[in-house]
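Trainee: Sequence:
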Amino acid sequence: MTKKSAENNVTPEIVENNVSSLVSEFEFDPSLLGEEFNAVRIPRLPYGIIINDNPCGIFITEKNAIKAGWSNLEDMIEHEFPNGTKEKGFLFTTARMAILGNVAPYIRYKDSDENGDLKHTVVGSYEFDRELLDKKTMEVVSEHLVIFVDQSNNLLHNRPIRVRFKNVALWSFRDAIEEFYMAMELCFAKLMNIQASGKNDKWRSLCVFAVEFKPEKEGEGSNRSWCMKVDKFSMPSLQNFGLLFLGAKHRKDVIWETYDMNIGSLQTKALSAPEQKMLRSAE
24 MTKKSAENNV TPEIVENNVS SLVSEFEFDP SLLGEEFNAV RIPRLPYGII
74 INDNPCGIFI TEKNAIKAGW SNLEDMIEHE FPNGTKEKGF LFTTARMAIL
124 GNVAPYIRYK DSDENGDLKH TVVGSYEFDR ELLDKKTMEV VSEHLVIFVD
174 QSNNLLHNRP IRVRFKNVAL WSFRDAIEEF YMAMELCFAK LMNIQASGKN
224 DKWRSLCVFA VEFKPEKEGE GSNRSWCMKV DKFSMPSLQN FGLLFLGAKH
274 RKDVIWETYD MNIGSLQTKA LSAPEQKMLR SAE
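Counting in my numbering, the sequence shown runs from 24 upward without gaps.
Derived from the structure by calculation, the hints contain no laboratory data.
A quick note: this is a predicted structure, and the numbers were derived from the prediction, not measured.
Backbone N, C-alpha and C fix where the C-beta goes; we use that ideal spot for every residue, glycine too.
It cannot be assumed that every hint is accurate.
What the hints assert, rightly or not - With a Cα cut of at most 27 Å, we get these calculated DSS-like pairs of lysine-lysine: (1) K189 / K90; (2) K252 / K213; (3) K90 / K158; (4) K240 / K225.
Unchecked claim - The following label-pair restraints were derived from C-beta to C-beta distances: (5) D198 / E50: 50 to 58 Å; (6) E50 / Q262: 20 to 28 Å; (7) L261 / N177: 37 to 45 Å; (8) R153 / S257: 37 to 45 Å; (9) E241 / T117: 28 to 36 Å; (10) D283 / L141: 42 to 50 Å; (11) Y70 / K109: 12 to 20 Å; (12) E154 / K111: 52 to 60 Å; (13) K86 / S257: 25 to 33 Å; (14) D283 / E150: 25 to 33 Å; (15) E239 / P53: 53 to 61 Å; (16) N216 / S257: 20 to 28 Å; (17) N177 / G244: 44 to 52 Å; (18) K109 / E201: 15 to 23 Å.
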(Lines of atoms letter the chains of each structure in order from A and count residues from 1; the text may use other names and numbers.)
(Lines give C-alpha, C1' and ligand atoms only; values in the text may rest on other atoms or scores of the structure.)
Protein backbone atom coordinates (compact mmCIF):
# COMPACT_ATOMS: atom_id res chain seq x y z
CA MET A 1 0.00 0.00 0.00
CA THR A 2 1.39 3.41 -0.95
CA LYS A 3 1.74 5.86 1.95
CA LYS A 4 0.41 9.38 1.48
CA SER A 5 2.15 12.43 2.88
CA ALA A 6 0.54 14.12 5.86
CA GLU A 7 -0.31 17.26 3.89
CA ASN A 8 -2.07 15.27 1.18
CA ASN A 9 -3.96 13.09 3.65
CA VAL A 10 -6.76 15.58 4.24
CA THR A 11 -10.04 14.37 5.68
CA PRO A 12 -12.87 15.76 3.54
CA GLU A 13 -15.35 17.99 5.29
CA ILE A 14 -18.63 16.22 6.01
CA VAL A 15 -21.59 18.48 5.35
CA GLU A 16 -24.73 17.53 7.23
CA ASN A 17 -27.99 17.95 5.38
CA ASN A 18 -26.19 18.63 2.12
CA VAL A 19 -29.43 19.31 0.26
CA SER A 20 -30.39 22.12 2.64
CA SER A 21 -26.97 23.74 2.24
CA LEU A 22 -27.31 23.68 -1.54
CA VAL A 23 -30.81 25.17 -1.43
CA SER A 24 -29.59 28.02 0.76
CA GLU A 25 -27.12 29.08 -1.96
CA PHE A 26 -29.82 30.43 -4.26
CA GLU A 27 -33.15 32.16 -3.94
CA PHE A 28 -36.43 31.13 -5.52
CA ASP A 29 -40.09 31.98 -5.20
CA PRO A 30 -41.75 29.33 -2.96
CA SER A 31 -44.76 29.38 -5.28
CA LEU A 32 -42.62 27.37 -7.73
CA LEU A 33 -43.16 24.36 -5.48
CA GLY A 34 -46.83 24.29 -6.45
CA GLU A 35 -48.23 21.09 -7.94
CA GLU A 36 -49.78 23.07 -10.80
CA PHE A 37 -46.34 23.04 -12.45
CA ASN A 38 -46.17 19.24 -12.44
CA ALA A 39 -46.79 17.59 -15.79
CA VAL A 40 -46.76 14.13 -17.30
CA ARG A 41 -44.15 14.18 -20.05
CA ILE A 42 -43.84 11.70 -22.89
CA PRO A 43 -40.33 10.21 -22.62
CA ARG A 44 -38.61 8.47 -25.51
CA LEU A 45 -38.10 5.03 -24.04
CA PRO A 46 -36.00 2.06 -25.14
CA TYR A 47 -38.01 -0.64 -26.83
CA GLY A 48 -38.21 -4.41 -27.14
CA ILE A 49 -39.14 -6.44 -30.22
CA ILE A 50 -41.51 -9.38 -30.37
CA ILE A 51 -39.80 -12.25 -32.22
CA ASN A 52 -42.40 -14.35 -34.04
CA ASP A 53 -40.09 -17.21 -34.95
CA ASN A 54 -38.76 -20.49 -33.57
CA PRO A 55 -37.48 -19.79 -30.96
CA CYS A 56 -39.71 -16.84 -30.09
CA GLY A 57 -39.63 -14.25 -27.34
CA ILE A 58 -38.96 -10.61 -26.52
CA PHE A 59 -35.69 -9.28 -27.94
CA ILE A 60 -33.84 -6.32 -26.42
CA THR A 61 -31.05 -5.05 -28.65
CA GLU A 62 -27.74 -4.06 -27.08
CA LYS A 63 -28.42 -0.41 -27.89
CA ASN A 64 -31.78 -0.48 -26.12
CA ALA A 65 -30.40 -2.45 -23.17
CA ILE A 66 -27.78 0.26 -22.65
CA LYS A 67 -30.44 2.96 -22.97
CA ALA A 68 -32.52 1.14 -20.35
CA GLY A 69 -29.60 1.13 -17.92
CA TRP A 70 -29.17 -2.64 -17.95
CA SER A 71 -27.13 -3.75 -14.93
CA ASN A 72 -25.27 -6.61 -16.65
CA LEU A 73 -24.62 -6.72 -20.39
CA GLU A 74 -23.12 -10.22 -20.43
CA ASP A 75 -24.71 -13.30 -22.02
CA MET A 76 -26.06 -11.48 -25.08
CA ILE A 77 -26.74 -13.44 -28.25
CA GLU A 78 -26.62 -12.46 -31.92
CA HIS A 79 -30.05 -12.57 -33.54
CA GLU A 80 -30.64 -12.53 -37.29
CA PHE A 81 -33.82 -10.84 -38.48
CA PRO A 82 -35.76 -11.97 -41.60
CA ASN A 83 -34.17 -9.18 -43.67
CA GLY A 84 -30.70 -10.55 -42.87
CA THR A 85 -29.78 -7.85 -40.33
CA LYS A 86 -27.93 -9.16 -37.27
CA GLU A 87 -28.13 -7.56 -33.82
CA LYS A 88 -26.64 -8.38 -30.43
CA GLY A 89 -29.02 -8.42 -27.50
CA PHE A 90 -31.07 -10.41 -25.02
CA LEU A 91 -33.77 -12.84 -26.18
CA PHE A 92 -36.28 -13.61 -23.44
CA THR A 93 -37.98 -16.92 -24.19
CA THR A 94 -38.94 -16.89 -20.52
CA ALA A 95 -39.24 -13.76 -18.43
CA ARG A 96 -40.16 -12.30 -15.07
CA MET A 97 -41.61 -8.86 -15.63
CA ALA A 98 -43.65 -6.12 -14.04
CA ILE A 99 -46.01 -4.30 -16.42
CA LEU A 100 -46.35 -0.61 -15.56
CA GLY A 101 -49.28 -0.12 -17.90
CA ASN A 102 -50.51 -0.68 -21.42
CA VAL A 103 -52.40 0.99 -24.23
CA ALA A 104 -55.90 -0.28 -24.94
CA PRO A 105 -55.67 -2.31 -28.18
CA TYR A 106 -56.01 -0.17 -31.29
CA ILE A 107 -56.11 -0.73 -35.04
CA ARG A 108 -53.44 0.57 -37.41
CA TYR A 109 -52.23 -0.10 -40.94
CA LYS A 110 -49.48 -2.71 -41.27
CA ASP A 111 -45.88 -1.89 -42.10
CA SER A 112 -46.35 -2.99 -45.70
CA ASP A 113 -45.32 -1.36 -48.97
CA GLU A 114 -48.81 -2.06 -50.27
CA ASN A 115 -50.16 0.37 -47.69
CA GLY A 116 -48.03 3.21 -49.07
CA ASP A 117 -48.32 6.38 -47.00
CA LEU A 118 -50.90 4.71 -44.75
CA LYS A 119 -48.23 2.52 -43.11
CA HIS A 120 -48.58 2.69 -39.29
CA THR A 121 -51.52 5.10 -39.56
CA VAL A 122 -53.86 4.57 -36.60
CA VAL A 123 -57.45 3.75 -37.55
CA GLY A 124 -59.12 3.72 -34.15
CA SER A 125 -59.83 1.88 -30.93
CA TYR A 126 -60.35 -1.87 -31.31
CA GLU A 127 -63.09 -1.85 -28.65
CA PHE A 128 -65.25 0.68 -30.48
CA ASP A 129 -64.10 0.38 -34.09
CA ARG A 130 -63.40 -3.30 -34.71
CA GLU A 131 -65.79 -3.24 -37.69
CA LEU A 132 -63.15 -1.13 -39.48
CA LEU A 133 -60.50 -3.87 -39.15
CA ASP A 134 -59.29 -5.29 -42.46
CA LYS A 135 -56.94 -8.12 -41.48
CA LYS A 136 -55.20 -8.03 -44.87
CA THR A 137 -54.00 -4.46 -44.48
CA MET A 138 -54.38 -3.73 -40.75
CA GLU A 139 -53.30 -5.12 -37.41
CA VAL A 140 -54.32 -4.80 -33.76
CA VAL A 141 -51.54 -3.57 -31.48
CA SER A 142 -50.93 -2.50 -27.90
CA GLU A 143 -47.82 -1.11 -26.23
CA HIS A 144 -46.80 -2.31 -22.77
CA LEU A 145 -44.26 -0.71 -20.43
CA VAL A 146 -42.13 -3.52 -19.04
CA ILE A 147 -39.54 -3.87 -16.28
CA PHE A 148 -37.66 -7.18 -16.24
CA VAL A 149 -36.63 -8.62 -12.86
CA ASP A 150 -34.44 -11.55 -11.82
CA GLN A 151 -35.37 -14.57 -9.70
CA SER A 152 -34.86 -12.50 -6.54
CA ASN A 153 -37.06 -9.69 -7.91
CA ASN A 154 -34.12 -7.33 -8.38
CA LEU A 155 -34.64 -4.94 -11.29
CA LEU A 156 -32.43 -5.79 -14.29
CA HIS A 157 -32.57 -2.21 -15.62
CA ASN A 158 -33.65 1.22 -14.37
CA ARG A 159 -35.75 2.54 -17.27
CA PRO A 160 -38.89 0.77 -18.51
CA ILE A 161 -38.90 -0.85 -21.94
CA ARG A 162 -41.72 -0.29 -24.39
CA VAL A 163 -42.88 -3.53 -26.03
CA ARG A 164 -45.47 -3.54 -28.81
CA PHE A 165 -47.57 -6.71 -28.91
CA LYS A 166 -49.79 -7.29 -31.92
CA ASN A 167 -52.32 -9.74 -33.33
CA VAL A 168 -51.87 -13.34 -32.09
CA ALA A 169 -49.09 -12.46 -29.64
CA LEU A 170 -51.20 -9.64 -28.20
CA TRP A 171 -54.36 -11.68 -27.58
CA SER A 172 -52.41 -14.60 -26.12
CA PHE A 173 -50.50 -12.28 -23.79
CA ARG A 174 -53.56 -10.30 -22.70
CA ASP A 175 -55.62 -13.41 -21.95
CA ALA A 176 -52.84 -14.92 -19.85
CA ILE A 177 -51.92 -11.79 -17.92
CA GLU A 178 -55.53 -10.92 -17.13
CA GLU A 179 -56.00 -14.40 -15.66
CA PHE A 180 -52.77 -13.85 -13.69
CA TYR A 181 -53.87 -10.46 -12.34
CA MET A 182 -57.26 -11.76 -11.24
CA ALA A 183 -55.56 -14.58 -9.33
CA MET A 184 -53.14 -12.08 -7.72
CA GLU A 185 -56.03 -9.88 -6.59
CA LEU A 186 -57.87 -12.85 -5.11
CA CYS A 187 -54.76 -14.10 -3.26
CA PHE A 188 -54.10 -10.61 -1.90
CA ALA A 189 -57.65 -10.40 -0.55
CA LYS A 190 -57.35 -13.80 1.14
CA LEU A 191 -53.98 -12.98 2.68
CA MET A 192 -55.18 -9.60 3.96
CA ASN A 193 -58.59 -10.99 4.96
CA ILE A 194 -60.42 -8.33 2.96
CA GLN A 195 -63.08 -8.43 0.27
CA ALA A 196 -61.69 -9.27 -3.17
CA SER A 197 -61.64 -6.41 -5.65
CA GLY A 198 -60.16 -5.60 -9.03
CA LYS A 199 -57.13 -3.30 -8.92
CA ASN A 200 -55.89 -0.46 -11.11
CA ASP A 201 -52.78 -0.51 -13.30
CA LYS A 202 -50.62 1.12 -10.62
CA TRP A 203 -51.36 -1.64 -8.10
CA ARG A 204 -50.92 -4.27 -10.80
CA SER A 205 -47.50 -2.83 -11.68
CA LEU A 206 -46.24 -4.47 -8.47
CA CYS A 207 -47.12 -7.95 -9.77
CA VAL A 208 -44.36 -10.06 -11.34
CA PHE A 209 -45.60 -12.02 -14.36
CA ALA A 210 -43.34 -15.07 -14.65
CA VAL A 211 -44.01 -16.37 -18.15
CA GLU A 212 -42.69 -18.82 -20.73
CA PHE A 213 -43.34 -18.26 -24.44
CA LYS A 214 -43.78 -20.81 -27.21
CA PRO A 215 -43.73 -20.58 -31.03
CA GLU A 216 -46.83 -21.81 -32.81
CA LYS A 217 -47.81 -21.83 -36.48
CA GLU A 218 -50.90 -19.73 -37.25
CA GLY A 219 -52.78 -19.05 -40.47
CA GLU A 220 -53.94 -21.15 -43.39
CA GLY A 221 -52.12 -22.75 -46.30
CA SER A 222 -49.14 -20.78 -47.57
CA ASN A 223 -49.92 -17.96 -45.13
CA ARG A 224 -49.01 -20.03 -42.07
CA SER A 225 -46.24 -18.46 -40.04
CA TRP A 226 -44.66 -18.63 -36.60
CA CYS A 227 -46.32 -16.60 -33.86
CA MET A 228 -45.30 -16.01 -30.26
CA LYS A 229 -47.78 -17.26 -27.67
CA VAL A 230 -47.81 -17.64 -23.91
CA ASP A 231 -47.07 -21.28 -23.11
CA LYS A 232 -47.39 -21.14 -19.33
CA PHE A 233 -46.98 -18.81 -16.39
CA SER A 234 -46.64 -19.03 -12.61
CA MET A 235 -50.16 -19.17 -11.24
CA PRO A 236 -50.41 -17.14 -8.00
CA SER A 237 -51.20 -18.99 -4.78
CA LEU A 238 -51.08 -18.22 -1.07
CA GLN A 239 -47.72 -20.01 -0.98
CA ASN A 240 -45.92 -18.19 -3.81
CA PHE A 241 -47.62 -14.77 -3.59
CA GLY A 242 -44.58 -13.18 -1.91
CA LEU A 243 -42.38 -14.21 -4.85
CA LEU A 244 -44.73 -12.53 -7.33
CA PHE A 245 -45.50 -9.26 -5.54
CA LEU A 246 -43.22 -6.22 -5.15
CA GLY A 247 -45.23 -4.85 -2.23
CA ALA A 248 -42.37 -4.24 0.21
CA LYS A 249 -41.99 -0.49 0.66
CA HIS A 250 -38.48 -0.22 -0.81
CA ARG A 251 -39.53 -2.12 -3.94
CA LYS A 252 -42.91 -0.44 -4.25
CA ASP A 253 -41.35 3.03 -4.03
CA VAL A 254 -38.93 2.29 -6.89
CA ILE A 255 -41.61 0.79 -9.13
CA TRP A 256 -44.12 3.57 -8.48
CA GLU A 257 -41.58 6.34 -9.02
CA THR A 258 -40.77 4.73 -12.38
CA TYR A 259 -44.50 4.41 -13.08
CA ASP A 260 -45.19 8.10 -12.34
CA MET A 261 -42.26 9.27 -14.47
CA ASN A 262 -43.04 7.16 -17.54
CA ILE A 263 -46.72 6.30 -17.74
CA GLY A 264 -47.30 9.34 -19.97
CA SER A 265 -45.47 7.56 -22.79
CA LEU A 266 -48.51 5.33 -23.32
CA GLN A 267 -50.29 7.55 -25.79
CA THR A 268 -51.53 6.82 -29.30
CA LYS A 269 -53.10 8.81 -32.08
CA ALA A 270 -56.19 6.62 -31.99
CA LEU A 271 -59.41 8.58 -32.31
CA SER A 272 -62.10 8.25 -29.68
CA ALA A 273 -65.36 6.51 -30.58
CA PRO A 274 -67.28 9.83 -30.91
CA GLU A 275 -64.56 11.20 -33.19
CA GLN A 276 -64.71 8.06 -35.32
CA LYS A 277 -68.48 8.40 -35.66
CA MET A 278 -68.13 12.05 -36.67
CA LEU A 279 -65.52 11.07 -39.24
CA ARG A 280 -67.68 8.32 -40.73
CA SER A 281 -70.79 10.53 -40.84
CA ALA A 282 -68.84 13.15 -42.77
CA GLU A 283 -67.72 10.67 -45.43
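Trainee: Does 20 to 28 Å hold as the CB distance between E50 and Q262, or does it fail?
Mentor: Distance hint for E50, Q262 is violated at roughly 57 Å.
Trainee: Please work out if K240 and K225 have their alpha carbons no farther apart than 27 Å.
Mentor: Roughly 35 Å between the alpha carbons, so the hint for K240 and K225 is violated.
Trainee: Would the pair K252 and K213 pass a check requiring their Cα atoms to be no farther apart than 27 Å?
Mentor: Judged against 27 Å, a Cα distance of about 31 Å means the pair is violated.
Trainee: Can the suggested window of 52 to 60 Å be confirmed for the beta-carbon pair E154 and K111?
Mentor: violated (43 Å)
Trainee: The hint says 28 to 36 Å between E241 and T117; measuring C-beta to C-beta, is that right?
Mentor: violated (21 Å)
Trainee: Does K158 lie within 27 Å of K90 when you go C-alpha to C-alpha?
Mentor: Outside the cut-off at roughly 34 Å; violated.
Trainee: Quick check on a hinted range of 37 to 45 Å for R153 and S257, using CB atoms only.
Mentor: violated (32 Å)
Trainee: Does the Cβ-Cβ separation between K109 and E201 fall within 15 to 23 Å?
Mentor: violated (36 Å)
Trainee: When you take the CB atoms of D283 and L141, is the distance between them in 42 to 50 Å?
Mentor: violated (35 Å)
Trainee: Could you say whether the range 20 to 28 Å given as a hint is met by the Cβ separation of N216 and S257?
Mentor: Since N216 and S257 have Cβ atoms about 24 Å apart, the given range 20 to 28 Å holds.
Trainee: That 12 to 20 Å hint for Y70 and K109 (C-beta), does it hold up?
Mentor: holds (18 Å)
Trainee: Between the beta carbons of D198 and E50, is the distance compatible with 50 to 58 Å?
Mentor: holds (57 Å)
In summary, the structure is inconsistent with hints 2, 3, 4, 6, 7, 8, 9, 10, 12, 18 from the numbered list given earlier, while agreeing with the others.
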